[in-house]
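Line order of the protein sequences matches chains A and B.
Quick note: the first sequence uses our numbering, first residue -17, plus one each step.
Quick note: the second sequence uses our numbering, first residue 24, plus one each step.
The reader is advised that the hints may include incorrect statements.
Unchecked claim - Computed list of lysine-lysine pairs in PhoX-like fashion (alpha-carbon distance at most 20 Å, straight line):
| id | chain 1 | residue 1 | chain 2 | residue 2 |
| --- | --- | --- | --- | --- |
| 1 | B | Lys174 | A | Lys115 |
| 2 | B | Lys410 | B | Lys120 |
| 3 | B | Lys134 | A | Lys115 |
| 4 | A | Lys32 | B | Lys276 |
| 5 | A | Lys83 | B | Lys276 |
| 6 | B | Lys120 | A | Lys32 |
| 7 | B | Lys407 | B | Lys434 |
Note that these hints are calculated values from the structure, not bench results.
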Amino acid sequence: MKKSKTSHCLRAALFLTMLLAIAVNAGHDAYSQDDASLNAALDSLRQVGKEGEGYSRAIPAANQLRQTSASKIDMLLNAMADTNPVAENWLRGVIFDVARKSSKPMATGLQRYAMDQSNNPKGRGLAMELLQKEAPQTASKLISSCLNDPSLALREMAVEQAIIGAENTSKQNTDQAIADYRVALAAARHPRQLARIIEALGKLGEEVSTADAFVLLTDWQSLAPMNNIDGVGFNMAYAPENEFQTSGVLDLKAEHEGKEGKISWQPIAGSADLGEVDLAEAYNKEKGAIAYLLTEFKSDQNRPAQARLGCINANKIWINGKLVMQNEVYHAGSMIDQYIADFPLKKGVNRVLLKICQNEQEESWAQDWKFQFRITDPSGKGLASKP
Amino acid sequence: MNQNSHPLFFLINKNPRANRPAMNTLSAPTPSTAARRGPLTNSIGTTVFLVCTACLIWCVTADTAKGAEPTNNSGSKSWLGFRGDGTSRASSSAPEKLEIGDGGNLAWKLKMPGRSVAGPIVVGDLVVTTSSSGQDGEVLHISGVNLQSGKLEWEQTFRATGRPFCHPTSANAAPSPASDGQRIFAFFSSNDLACLSLSGELLWYRGLGYDYPKAGNDVGMASSPVVVDGTVIVKVEAQGDSFAAAIDAETGKNLWRIERPQMSNWASPLVIQRPDDRNEVVIQSRQGVIAVDPRSGKTQWSTDEGGSAIPSPTSADGLLILPSDEVIALNVGASASTPEVAWRNNKLSPRNASVVASDARLYSLKGSVLVAANLKDGEQVWQKRLKGLGSSWATPVLSENRLYIFDQTGKGLVVEDQGEDAETIHEIELGEGVLGSPAIADGRLVIRAANTLFCFQ
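Next comes chain A alone, as it looks inside the complex (with noise of 0.2 Å):
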């Protein structure tokens, strides 16, 4: 009994002693740091590269950062920008970290900075992110303002409420949901939910084709069947690409000698629904197998874009001569914009060359050769060429 009494006694003792630490320190921070320190400690951690690059300068800093004061978190986030990804996971679980141990509320520093166009993209993400768990329905209302925002992340979180949105209008009014869905599919970016709207709407009656809503390239020339038995013909640069990558043009008209003789230039067109190009269907389920597609590309304007490709198949893709991306990879999974990787798009016409590769293996989920292709914006936008 005794002893507990003096328990209680430190008990009360300890809490008028943090009530004083708290009283005292406020208005400070009680870990404040300079700001060049903290700028130091950032770029320390903006710097990290490969292979664990820059670690031993990043560890302490993260120690250091993670006792930053959340009024800093501006700073903190400010330095999201312009990160490559992993320098960003190291920003973030030290954001993460002093948000934890805030014992201030932060929605407001957080709505402001979020919903700030000027601030970076990543950045206003991760404020929107912490929004949502400490002040879910002001976060819920000012994604819902975000449908068109240049923060890829806040379009995707204010689709996605769009998206649940209809769903709960359908129940009651099918129209209103449709014309919820529309709104949501032109602001749509991430393939995913606009498959998902694609899908709702053919529920409630409204057909959209996903090769219109991602806006898949479906006209093609295709050039096959070409070696590739044991997989040999993924790094044989055949007649066709050398050209390609000398001339960055293609003579349509030429033959050339094919896997079991002389092959042509064909027409081939993707499916109106799915937009996927079927060359097992067109070339009679040939294994060890390579074929190459070109398309015509026009564009108004040069601007920044991407090549996005669905297939299960290894392939490479060259835009204008240049080679843009190459995966041999082989039966492992496939989906709309599987691949996807950054190109120059130029004014006038862009000529792009395929080279879709299949294997010989024998199990009947390994029987599939076909793509989906198709060009988009840096945000995802799917961009159709010019007449």
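Since the structure of chain A is already known, use the hints to place chain B on it.
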């Protein structure tokens, strides 16, 4: 039952252990040491703060002495990686029944922030589990949950730097995390590797998918890391960049990286101890098995005997159990040199789950048929069709003579090895698929279902 779904963001480490300096002796700073680094603006406030902090540490340490049990590999309060110590066998007794509702023994369950097919680990009183969410599973969550109360203590969230795609039945959160008792190493299918303190603080972060962009496949990776001799060893075998690597647990830098066959393989590495007290890491592919030195990556011995693409190797009582078209036992305990084959049995080959071993027996799950064999000679003792068990990916766990087996619909069985036969003594429906191997610690069974963490006592 304590069902807690509140985000922990606002819970400022209610469990006093979370910020206790002694729990992280390597690199994470304590509040007081960190405070010394930077200029403070108010000396009175500083003094009071430090006094207050010291009092607080003293107070909570005194109050929680019982909760500060050792958290190293051998403690019954720990389950530090996929299949615990690599055998799937617990040193503590797990509950004999699994029952939800009145009179049941569900201690708590907790809704998680995303999906997972990874097993949980337990470090002292902390359960660590990973989840992934987002459109492609690109949002990575690492959650620290109090083993006793089921309350979320902290959560970290990252973005995948590698390929997050996977088969719909899997998740980016597929490899089980691992721990050395002082730090947590959370690995994902996208080949992101985060090192956290036991309080959830980020110590370092590697994006192996960023470093090696062709690593991984879009079915999903699943090999779990192991921690040994101050290294975290990951096995990333795929058609593109295919490798195994040791990463220094303290610095996050590569100690070594070796090329592996360019074909998909989901089996996890395994640490074995040789008679001369050296540790070796066993790495299997369909082309064979190698054992490497953890610090140098140098191959100590190898065999052309193939290894499975999915089930992982197991060790018990001086034997290394290799799954393939047959199960092969290598005698790694007899000498420190290249091990000899002790026995082989083509009737024991498991389908998806890894072989479970005790000192006397091994158990192999072949679809819904469980086979028991003598560990010593590989002779089958019994086999039992497990009624109601569907497709199973989670490696069962063993406590005393009871196996805990779950299928991908969430049906769970407690199967008792009765010597010459076996019997299902309890069944449970969790309502969510379980694809990760459970953990047993401190008399509790912790199960990670797709979106919920369960703890039975």
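Contradicted hints - numbers only
Violated hints: 5, 6; rest satisfied.
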